[in-house]
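2 protein chains.
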Amino acid sequence: MNCILLPAVNFHNESAYINAAAQIEHVNQVLGAKVGDTLKVGQLEGHLGSAVITDMTPERILLGNVDLTTAPPPKLDLTVVLALPRPKVLRRLIMDMTALGVRDIILINSYRTQKSYWQSPMLNRLDEFVLEGLQQGIDTAAPRISLQKRFKPFVEDELAALMTNRAIIAHPYGALSFSQYMQQQLKNAESPQKVLPSMVFVGAEGGWIDYEVEMLARQGCQAVHIGARILRTEAAVNAILGQWLL
Amino acid sequence: MNCILLPAVNFHNESAYINAAAQIEHVNQVLGAKVGDTLKVGQLEGHLGSAVITDMTPERILLGNVDLTTAPPPKLDLTVVLALPRPKVLRRLIMDMTALGVRDIILINSYRTQKSYWQSPMLNRLDEFVLEGLQQGIDTAAPRISLQKRFKPFVEDELAALMTNRAIIAHPYGALSFSQYMQQQLKNAESPQKVLPSMVFVGAEGGWIDYEVEMLARQGCQAVHIGARILRTEAAVNAILGQWLL
Chain A
283 MNCILLPAVN FHNESAYINA AAQIEHVNQV LGAKVGDTLK VGQLEGHLGS AVITDMTPER
343 ILLGNVDLTT APPPKLDLTV VLALPRPKVL RRLIMDMTAL GVRDIILINS YRTQKSYWQS
403 PMLNRLDEFV LEGLQQGIDT AAPRISLQKR FKPFVEDELA ALMTNRAIIA HPYGALSFSQ
463 YMQQQLKNAE SPQKVLPSMV FVGAEGGWID YEVEMLARQG CQAVHIGARI LRTEAAVNAI
523 LGQWLL
Chain B
283 MNCILLPAVN FHNESAYINA AAQIEHVNQV LGAKVGDTLK VGQLEGHLGS AVITDMTPER
343 ILLGNVDLTT APPPKLDLTV VLALPRPKVL RRLIMDMTAL GVRDIILINS YRTQKSYWQS
403 PMLNRLDEFV LEGLQQGIDT AAPRISLQKR FKPFVEDELA ALMTNRAIIA HPYGALSFSQ
463 YMQQQLKNAE SPQKVLPSMV FVGAEGGWID YEVEMLARQG CQAVHIGARI LRTEAAVNAI
523 LGQWLL
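Sequences listed follow chains A and B, in order. Using our numbering, the first residue of the first sequence is number 283, and each one after it goes up by one. Using our numbering, the first residue of the second sequence is number 283, and each one after it goes up by one.
The shape of chain A in the complex, shown without the other chains (with noise of 0.2 Å):
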């Protein structure tokens, strides 16, 4: 928790209160912070700033001079389709994603997605996975997220209006390299930044199958590998994001 968020409700013009039990606990076990500390704090969809603790119970420390002048980084221009992924990873995987600045989430279902993960109670705390990760990459603006039960209906109906001219699949059968990729892309453009794809399909476990990577290709989504090395999801989504950062 590199800040604290709030949401808009818990401030009045320059005082603040934070009332959650994580956060409460942060401030206490991690920070050790006492009355008279000053706290990086943030409002949820707005600026970043700081504040003053002036006062702290077990269920409420109320904080003063609030002052909320830094606009949050911008987000990356990105959306990234992600097959659902294990319950496990999913927390892991969507603070990275909101950490690093994506802006769209797709969860999409995929040939390797089991049925069960779409049951799973992970899928209603998406919300709380979102702040920890704006927590974590100090960004208040949080990440658009929608589930896509089905494949099929999504790639041929809706996908054609979201797509731009730059989609990839991450795949490590893929024909080009990502680096090649970004070299075809680049032949007309003057710099990398303005040639990186603007929306990634990232398979689960076991990757997309070969179904699903034409139907992706018939939209015009180009797959691509990142060398011969098989990651975890999560390594795989951070290694590839990575190319966004730099």
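There could be a bad hint or two in this list.
Treat identical chains as interchangeable: a pair holds within one or across any two.
As the list claims (entries may be wrong) - Calculated pairs, DSS-like style, for lysine-lysine (alpha carbon to alpha carbon, straight line, at most 30 Å):
(1) Lys316 to Lys397
(2) Lys357 to Lys431
(3) Lys357 to Lys434
(4) Lys370 to Lys431
(5) Lys322 to Lys431
(6) Lys476 to Lys397
(7) Lys431 to Lys316
(8) Lys316 to Lys370
(9) Lys397 to Lys322
(10) Lys397 to Lys431
(11) Lys434 to Lys397
(12) Lys476 to Lys316
Derived from the structure by calculation, the hints contain no laboratory data.
Position chain B relative to chain A; hints supplied.
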């Protein structure tokens, strides 16, 4: 587990056996394999290939037609010097660095490393985490791992012998971005692959303190950042090392 790695002692001519509980469970529960099925196998520090199940008991799976003809993928020309992280994340970090193909891993003390981390029983399980990483990344060659409990003597007395002219410190407050660093290096070279750093220092939660960055800089390490966003150690390691894969 994308392949099953066995020690040399488990092989004899064209036969081999699996006797590790985790591997037997994987063959039964995840692969649902039966006598006559072919498995992807490899020999630790040897080659990769396939074998056919000839007999199965709860304690042992016998393999025949063992055919190991594929060399493991090349290691990355890279040493990662990692501030010893919380034991909870050590397993995944070692797994991921191994799966990514890092050749040398040095776990080092830092100002923000808690002393108790060095007493963690997880440090006795590094071989196990390496095996998981190799089986994930489909590789047979373990990275070399060393522990350095004292930062200053290591940096002042031992680092010079290990250093190359391309060592970086991942540091959110570095003056240069990774891509600016690469552009500088590229001026006199033909391809990005040839100027990738061969040593990367990565801090744990909270990163390096100024004193540590300065001490490393005196040895010729360049502090570089990958953007304003602060990532979890695991996410940061994968986002940075993703540069070596592309």
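Which earlier hints turn out false for this structure, listed by number in ascending order? Hints 5, 6, 7, 12 not satisfied by this model.
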